[in-house]
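Protein chains: 4
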Amino acid sequence: MKYSLDSAKVAEATREWLRKRNVRTEEIAELVMFLQNQYIPDLTLADCKESVERVLEKREVQNAILTGIQLDILCERGELFAPLQEMVKNDEGLYGVDEILAMSIVNIYGTIGYTNFGYIDKLKPGILERLNDKNDGYIHTFLDDIVGAIAAAASSRIAHTRTAVLPPRDEAESPAP
Amino acid sequence: MKYSLDSAKVAEATREWLRKRNVRTEEIAELVMFLQNQYIPDLTLADCKESVERVLEKREVQNAILTGIQLDILCERGELFAPLQEMVKNDEGLYGVDEILAMSIVNIYGTIGYTNFGYIDKLKPGILERLNDKNDGYIHTFLDDIVGAIAAAASSRIAHTRTAVLPPRDEAESPAP
Amino acid sequence: MKYSLDSAKVAEATREWLRKRNVRTEEIAELVMFLQNQYIPDLTLADCKESVERVLEKREVQNAILTGIQLDILCERGELFAPLQEMVKNDEGLYGVDEILAMSIVNIYGTIGYTNFGYIDKLKPGILERLNDKNDGYIHTFLDDIVGAIAAAASSRIAHTRTAVLPPRDEAESPAP
Amino acid sequence: MKYSLDSAKVAEATREWLRKRNVRTEEIAELVMFLQNQYIPDLTLADCKESVERVLEKREVQNAILTGIQLDILCERGELFAPLQEMVKNDEGLYGVDEILAMSIVNIYGTIGYTNFGYIDKLKPGILERLNDKNDGYIHTFLDDIVGAIAAAASSRIAHTRTAVLPPRDEAESPAP
Chain B
1 MKYSLDSAKV AEATREWLRK RNVRTEEIAE LVMFLQNQYI PDLTLADCKE SVERVLEKRE
61 VQNAILTGIQ LDILCERGEL FAPLQEMVKN DEGLYGVDEI LAMSIVNIYG TIGYTNFGYI
121 DKLKPGILER LNDKNDGYIH TFLDDIVGAI AAAASSRIAH TRTAVLPPRD EAESPAP
Chain G
1 MKYSLDSAKV AEATREWLRK RNVRTEEIAE LVMFLQNQYI PDLTLADCKE SVERVLEKRE
61 VQNAILTGIQ LDILCERGEL FAPLQEMVKN DEGLYGVDEI LAMSIVNIYG TIGYTNFGYI
121 DKLKPGILER LNDKNDGYIH TFLDDIVGAI AAAASSRIAH TRTAVLPPRD EAESPAP
Chain L
1 MKYSLDSAKV AEATREWLRK RNVRTEEIAE LVMFLQNQYI PDLTLADCKE SVERVLEKRE
61 VQNAILTGIQ LDILCERGEL FAPLQEMVKN DEGLYGVDEI LAMSIVNIYG TIGYTNFGYI
121 DKLKPGILER LNDKNDGYIH TFLDDIVGAI AAAASSRIAH TRTAVLPPRD EAESPAP
Chain C
1 MKYSLDSAKV AEATREWLRK RNVRTEEIAE LVMFLQNQYI PDLTLADCKE SVERVLEKRE
61 VQNAILTGIQ LDILCERGEL FAPLQEMVKN DEGLYGVDEI LAMSIVNIYG TIGYTNFGYI
121 DKLKPGILER LNDKNDGYIH TFLDDIVGAI AAAASSRIAH TRTAVLPPRD EAESPAP
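Chains as they are written, first to last, in the UniProt record's numbering: chain B, 1 to 177; chain G, 1 to 177; chain L, 1 to 177; chain C, 1 to 177.
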């Protein structure tokens, strides 16, 4: 039987796996708010959530999420081979494949998201603190970075969108479509 | 005076500078056709051109194009400082900033475009052969790679779009691009 | 017990897993030769093999290899969850995580390797043809791209090294250390 | 006349241009210290400076530095074409070419540097605050990010090196950076 692409199934699986791993869209939206509210005073949590939803529709983002969660789960079960098992389990400092997957998400909305990703990845606000907790039985070595990357991407998306819809500034011409 | 973003002006400048450098959308569309027609038999040049136009609407793509063309032009005039002038003029093998700008374009549509970029960058079909000609007085060290990247990005975009418009999943076995 | 980094174990596991997956350093060296011999007439297969060995010593390269082979093997056993299992099994066109891991290898030696990676990933010479064979029971969705990336990185490494050791050209000053 | 690569000249020009732009290696070393001293208690400023020096020897790093400083200087003189001139002058939020060049530096030492780059790019400690000052007549839109990237790369380099010189594995529990 010929392989048949099924992008709807990939989108649905992504949503379901995020839920199973206790990641709610609202919490990612709160990271976006954390990153953006000083720049956009009238930004609402609903705006942020909407932006996160749009990011989650991208196939590359779904691919990274599914692959990352799969590796986290296999590690929880102790099913990765050595020494990959130990590196992922301990979120080893020299193991950067989690950051690689994260950056593939950020890149979709351009390089302006790099700074935001690094910033929340270091500070670990909100949900990132919970995901980064090494003592709750879960392994979130990949998901931790991926959630930060989704928030950074959603922030970049807002920056692009806001520019497009901003009313003309008094000193300049009209905005771009 | 406060700086005011003007995305319409950036888009317009991009279009104009591509024209001044003799790069026509049709020629980039032909590169897309070269890359994709064996996978999508019913693909038309109009489809390819449409995809190139969508890629050119992206701000990151416009930023890379303007920056690259600016460096090419300054080099033509001999206005870069040494040894940058010589490196850009000779498209030096160890100078990879042109490839860096190119990949920032490809990345917008995901990593599936890497292969296509490398392939046409090596083969130099169509317009790429002309841009790569070192004896016509023009310097296209940056534009050469950028045009290849736009074609690779437009190809990735078609791959994503074609999948999205496939018949409903329950009809199954819909062919993958 | 505190986690203890053990880079020697990671290096050793990488070498062993490449062997178990039937990838010999000589074969990667042949890809390097394929990419470079037209530019460096006196390049030997031993030079190429030496360069591949140096690339394989890099921790980031080892991380990507181990992670990629792990995913390939889990897929062979049917142990990835749906729809990731199907995407990896079929090397799906819209699944680009294999390319992401590959580029993390190429990047270590700079962006000048992008073109070479894309070129051999498209042409599939030598070992790449074998790895890409879908009918031998093996899944090499990740390893295929990773081996191409190692060859591209080793080629970039040679370009950097040769420049450093080239004798002075008759028309110019001395080479760099 | 055939073009002759001269890597010594590129290295020398990089060093000279950093000096002309008032960036001292010690100041970048202080950024490295800021990023690393909580993880490596016995780290000295001399260690950090040594690591920065090694990063500055890499050709890709030199290429990014020279290209970035060139664009900054042309912008100071008002010699970039519109609207690139305005975008670079104002370090426009949607213009991410400076981040692209920065990441090409970070990538050389692997993806583990992404977080550090984003973190100091947001906090702007030490020299980064000075470079980011918009009122001193200088334009450092590119150099700002490049200096942060060099510090992040030098930090990654230290992480890799420290691991390599740790006591033999059988003594166990050696602390990971």
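Be aware that a few hints might be false.
Since copy identity is lost for identical chains, a pair holds within one copy or between any two.
Stated by the list, open to error - In silico PhoX-like links for lysine-lysine, alpha-carbon gap of 25 Å or less: (1) LYS49 x LYS124; (2) LYS49 x LYS89; (3) LYS89 x LYS9; (4) LYS122 x LYS49; (5) LYS89 x LYS124; (6) LYS49 x LYS134; (7) LYS58 x LYS89; (8) LYS124 x LYS9; (9) LYS122 x LYS9.
Think of the hints as simulated: they come from the structure by calculation, not from any bench.
Here the structure is a predicted model, which means the values were calculated and not measured.
Practice prompt. Go through the copies and call it for LYS49 and LYS89: within, between, both or neither, with a Cα cutoff of 25 Å.
Written response: Neither. Shortest intra-copy (31 Å) and inter-copy (33 Å) distances fail the 25 Å Cα cut-off.
Worksheet item: Is it within, between, both, or neither for LYS49 and LYS124, if the alpha carbons may be no more than 25 Å apart?
Response: Within. Shortest intra-copy distance 19 Å satisfies the 25 Å Cα cut-off; inter-copy 29 Å does not.
Item to complete: Measure nothing new, just compare the shortest in-copy and cross-copy C-alpha distances for LYS124 and LYS9 to 25 Å and report within, between, both or neither.
Response: neither (31 Å within a copy, 31 Å between copies)
Worksheet item: From the Cα coordinates, with 25 Å as the cut-off, is the pair LYS89 and LYS9 best called within, between, both, or neither?
Response: Result: close only across copies, 16 Å inter versus 29 Å intra.
Fill in: 25 Å Cα threshold - placement of LYS124 relative to LYS89
within (18 Å within a copy, 32 Å between copies)
Item to complete: Since the copies are identical, ignore which copy is meant and state whether LYS122 and LYS9 lie within 25 Å (CA to CA) inside a copy, between copies, both or neither.
Response: Result: close neither inside a copy nor across copies, 33 Å intra and 28 Å inter.
Item to complete: Tell me, please, which holds for LYS122 and LYS49 at an alpha-carbon limit of 25 Å: within, between, both or neither?
Response: both (22 Å within a copy, 23 Å between copies)
Discussion item. Regarding LYS58 and LYS89, is the shortest C-alpha distance of 25 Å or less found within a copy, between copies, in both, or in neither?
Written reply: So LYS58 and LYS89 pass the 25 Å test across copies only (21 Å; inside, 28 Å).
Discussion item. Checking an output row: LYS49 and LYS134, CA cutoff 25 Å. Within, between, both or neither?
Written reply: neither (27 Å within a copy, 34 Å between copies)
When each numbered hint is compared with the structure, violations occur for hints 2, 6, 8 and 9.
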